[in-house]
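Asks: The primary structure of each chain is shown beneath.
2 protein chains.
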Amino acid sequence: MTDERENESPALLEWAEVEEYIQRASDAFESYRQYPVPQRMDFLRQIGREIDTIRTDLIEVSQRETHLPEGRLRGEIDRTINQINLFAGVLAEGSWVNAIIDTADPQRTPIPKPDIRQMQLPIGPVCVYGASNFPFAFSVAGGDTISALAAGCPVLYKVHEGHPQTSLLVGSCIERAARQTGMPIGVFTLLMVARDVGIQVVTHPLITAVAFTGSFAGGKALYDAAAKRSVPIPVYAEMGSINPVFLLPDRLKLHAEATATGLVASNTLGAGQFCTNPGLMVLLQSPDTEHFLSLYGKQLAEQTCHAMLTPGIYRAYTMGVERLKSMGTLSLLGEGKKSELAEVAVPVAFRVSGSDFLRDKTLREEYFGPASIHVVADDEAQLVEIANVLDGQLTVGVWCTDVDIDSFRVLFRVLEHKAGRLVINGAPTGVEVCHAMVHGGPFPATTDARSTSVGTQAIYRFTRPVSYQNYPDRLLPIELRNGNQPGIWRKVDGELTRKSI
Amino acid sequence: MTDERENESPALLEWAEVEEYIQRASDAFESYRQYPVPQRMDFLRQIGREIDTIRTDLIEVSQRETHLPEGRLRGEIDRTINQINLFAGVLAEGSWVNAIIDTADPQRTPIPKPDIRQMQLPIGPVCVYGASNFPFAFSVAGGDTISALAAGCPVLYKVHEGHPQTSLLVGSCIERAARQTGMPIGVFTLLMVARDVGIQVVTHPLITAVAFTGSFAGGKALYDAAAKRSVPIPVYAEMGSINPVFLLPDRLKLHAEATATGLVASNTLGAGQFCTNPGLMVLLQSPDTEHFLSLYGKQLAEQTCHAMLTPGIYRAYTMGVERLKSMGTLSLLGEGKKSELAEVAVPVAFRVSGSDFLRDKTLREEYFGPASIHVVADDEAQLVEIANVLDGQLTVGVWCTDVDIDSFRVLFRVLEHKAGRLVINGAPTGVEVCHAMVHGGPFPATTDARSTSVGTQAIYRFTRPVSYQNYPDRLLPIELRNGNQPGIWRKVDGELTRKSI
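Protein chains in written order, with the numbering used here: chain A, 1 to 501; chain B, 1 to 501.
It is worth saying that the hints were derived from the structure and are not from the lab.
Careful, some of the hints might be misleading.
[What the hints assert, rightly or not] FRET-style restraints, in silico, Cβ to Cβ: (1) B/112 / A/416: 19 to 27 angstroms; (2) A/365 / B/381: 55 to 63 angstroms; (3) B/495 / A/311: 42 to 50 angstroms; (4) B/381 / A/206: 19 to 27 angstroms; (5) B/331 / A/224: 56 to 64 angstroms; (6) B/482 / A/498: 23 to 31 angstroms; (7) A/318 / B/161: 56 to 64 angstroms.
[Stated by the list, open to error] Anything over 12 angstroms on all C-beta distances counts as not near chain A; from chain B, calculated: (8) 39; (9) 185; (10) 259; (11) 335; (12) 437.
Here a beta-carbon is modelled for each residue, glycine too, at the ideal position from N, C-alpha and C.
With the rest of the complex left out, here is chain A (with noise of 0.2 angstroms):
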């Protein structure tokens, strides 16, 4: 690849073009949603292999476009594939459709009981848009999109400007394995367009849901765009949060050396550039919280970044970090290592007073990057009203012993309502993409805190339920037959079974 590939601008659409390929998905929609599942299962098992083939295309390219190191690079693309076939997977299993069957009771009185079956099915064409922190597991053939498709659902795909060249070849994968597997012309739609034209786009009437993965401002832009629809759609935005953690004192006595190590670890991992990046620990007031973050201190001070994804988020960071400087009431905890390179972050760590914090709503914001902001409350009460006080979460993580845990359980309590996930003892970065997984949380970490945007239940939000009544079994889909051809669990009369009827 040359130097001119890189300077190369792809060109961007006009509204007219955009509307004529959404168009061309919505036309598509009834065919995708008609394709027998094992085809849409090649075809989601397709695009992970074409990606695998041009691994070493894609890392080149993302890595000049992102910055990000090849390593890193190389597991998101194993996670992206291993994602893809996860999905291909509950498509095979089948039980996903939610199938709910109540058989009709003609003797019933006074009225005689119907035939109710319900599943979910797809919505229609989904405008995805993608993060500048993930070039492939949350851009062009990541969960969102994936899980789009996987329900059944035509993907219109927003281009990230911080990854157009990656987001190209990404692109033409999926159109490969499109063509490649027999899908419908329009499935699949790569638009690069300026920011506005994106915006535009969720206001369009054949576009029936949104998925986004970014900043608030970004996130609500969509959010209050598609708020002005006549016919209102679910907009899933994604947008990041501070992650806080709790460090607990009988933890912080026996292991605040490791409890430093894991948190410096995953506050300056990829340059801080995670929505679970933890950026606010809340601590107790102790001789063993001012040795922990003496800890913290010293070992951000060894830590290096590499340079950040785009010029605009290093422009943020800097200027936010030179912000919290500023401030009388936070004192610098510690400072990582500045680097000759441009763009570079450095790692930096404040302390707050709880009452400070309190009283400042600012910093309840997020610095993305690896920056943050240890408030030390006075008392447990102090560190509950903090908890309580906290906006809506991705995660929020507990440090903790079984000491602490018999002692702070309220705190336990107040927590289960602030965030999508809860983590113990770990840390915050790393979403596993599993069964269980819920990558969301209440506003304003997400726009809608009953979805997740990682893991299996992701495809929720793309399908609606729909009930038939009294259809006679050829009628019905598959999955609704008497005869449980897939062979799917299936709730029938209040019990689930995989049994024929």
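Dock chain B against the given chain A, drawing on the hints supplied.
Replies: What follows is chain B alone, placed relative to chain A:
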């Protein structure tokens, strides 16, 4: 009961008082959600028993307030109690929390796999707005209130002005049940407020969800008010629909009489005051269709209705019918008997050509009452076009034979996009309360097509998923602990099982 009682206007609460009640509900939330399941079940079942105890009073008062026939009200009370017991049964069985467990694998490379466990948790105080047409099943102790209470959410119930005395009586049943079963103060609050104060409730920061059943104007007003919140919340407004019914040719050839009888009965039931009332019939031009329409007109002429629910509803209905009568594109198909009593709706049916229907969007609006419009399409293509232009509906019906099913495959596919419930050869009225029911559908039938307001799945309107990562067993909710003491179905490492871990 004396006549004075009827004329007593219950005092309306001021906003400051309402705010106190909301705060009280929010305070109740934390303790209510932690009550052991058997106690929450007792609370629900006791509500049913309290209603049953004052059944005679309830029928007397509600009959005076709503003009609904005694038999109907008796049946509705039965349904309301059954519904309460159904949700108590859901709690007793316990699997509704949707427990998903992915166990740890510390040996996994390159990084150990964490233990992740997910379940549904209640979201907080819910505001419920009851319907005029169901003084019991969709009012104070109706499906919205009971599913929210079952989920673990306190409820604030905004009284419908159509039946305030009935609401006070049912409200006192819930309050007595709460006291008797030791529920926290604030678990349920009856809000007797003016319309504007009622709307203001959805903007309160402590309200976490809204459930409404009623008109498009009413639901949209709440939806728009909620859209102005700084923290978005789910708004579940069920706003009714015209419930189109497609009458296919072979069915009309073989069963014209029975079809007419079934549809006339469904359209005039309860003076047509059902969300699922069939207001639009779509037919193909043919001699059989002419025969059916003449039968429909004749049968309708035999019908009398009872007084409508409120003077306002009667006024809106008669004005709507006058408007339809004045339209040059519509012809009168038949009209029911007039009554000398006040506010009695006269059933009416019109016919219109497919082309005229397609040209005039106002014919797709709901006329709440026993009116129907019969659209006669020129040919199958036009019939499918009519299906395509339909707005979202609660139900869509098809009356057909096996021959019709084979001839109209495309129609059935189109209709799957249009409604929450699809009904073959049956009246859309009569919403079975069961596991598989979807009483919902695409906008404007509701504001959230992902939900149902009837049946056990209604509980998920008031929950969100939370993941616990690497939690010690004893700190987990009982449903997620290794032992599976409640014996519920859980998805463990991808497999549904009731076994312990």
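Asks: If a hint holds in the structure, say so; if it doesn't, say that too.
Replies: Hint-by-hint comparison with the structure:
1. Under the hint 19 to 27 angstroms, the C-beta atoms of residue 112 of chain B and residue 416 of chain A, about 25 angstroms apart, fit the expected range.
2. For residue 365 of chain A and residue 381 of chain B, the hinted distance range of 55 to 63 angstroms is satisfied, since their beta carbons lie about 57 angstroms from each other.
3. At about 48 angstroms, the beta-carbon gap between residue 495 of chain B and residue 311 of chain A stays in the expected band of 42 to 50 angstroms.
4. With their beta carbons about 22 angstroms apart, residue 381 of chain B and residue 206 of chain A fall inside the hinted range of 19 to 27 angstroms.
5. Taking the beta carbon of each, residue 331 of chain B and residue 224 of chain A are about 47 angstroms apart, not inside 56 to 64 angstroms as hinted.
6. Our hint of 23 to 31 angstroms for residue 482 of chain B and residue 498 of chain A holds, since their Cβ atoms are close to 25 angstroms apart.
7. Judged by the Cβ atoms, the range 56 to 64 angstroms given for residue 318 of chain A and residue 161 of chain B holds: they are separated by roughly 59 angstroms.
8. Under the 12 angstroms C-beta cut-off, the non-interface status given to residue 39 of chain B relative to chain A holds; the minimum distance is some 18 angstroms.
9. At roughly 19 angstroms from the closest C-beta of chain A, the C-beta of residue 185 of chain B stays outside 12 angstroms, upholding its exclusion from the interface.
10. The non-interface label for residue 259 of chain B is consistent with chain A: the shortest C-beta to C-beta separation is roughly 14 angstroms, beyond 12 angstroms.
11. Every beta carbon of chain A lies more than 12 angstroms from that of residue 335 of chain B, the smallest distance being close to 28 angstroms; the non-interface claim holds.
12. A Cβ of chain A approaches the Cβ of residue 437 of chain B within 12 angstroms, the least distance being about 6 angstroms, so the stated non-interface status is violated.
Going down the numbered hints, you'll see the structure goes against 5 and 12, while the others check out.
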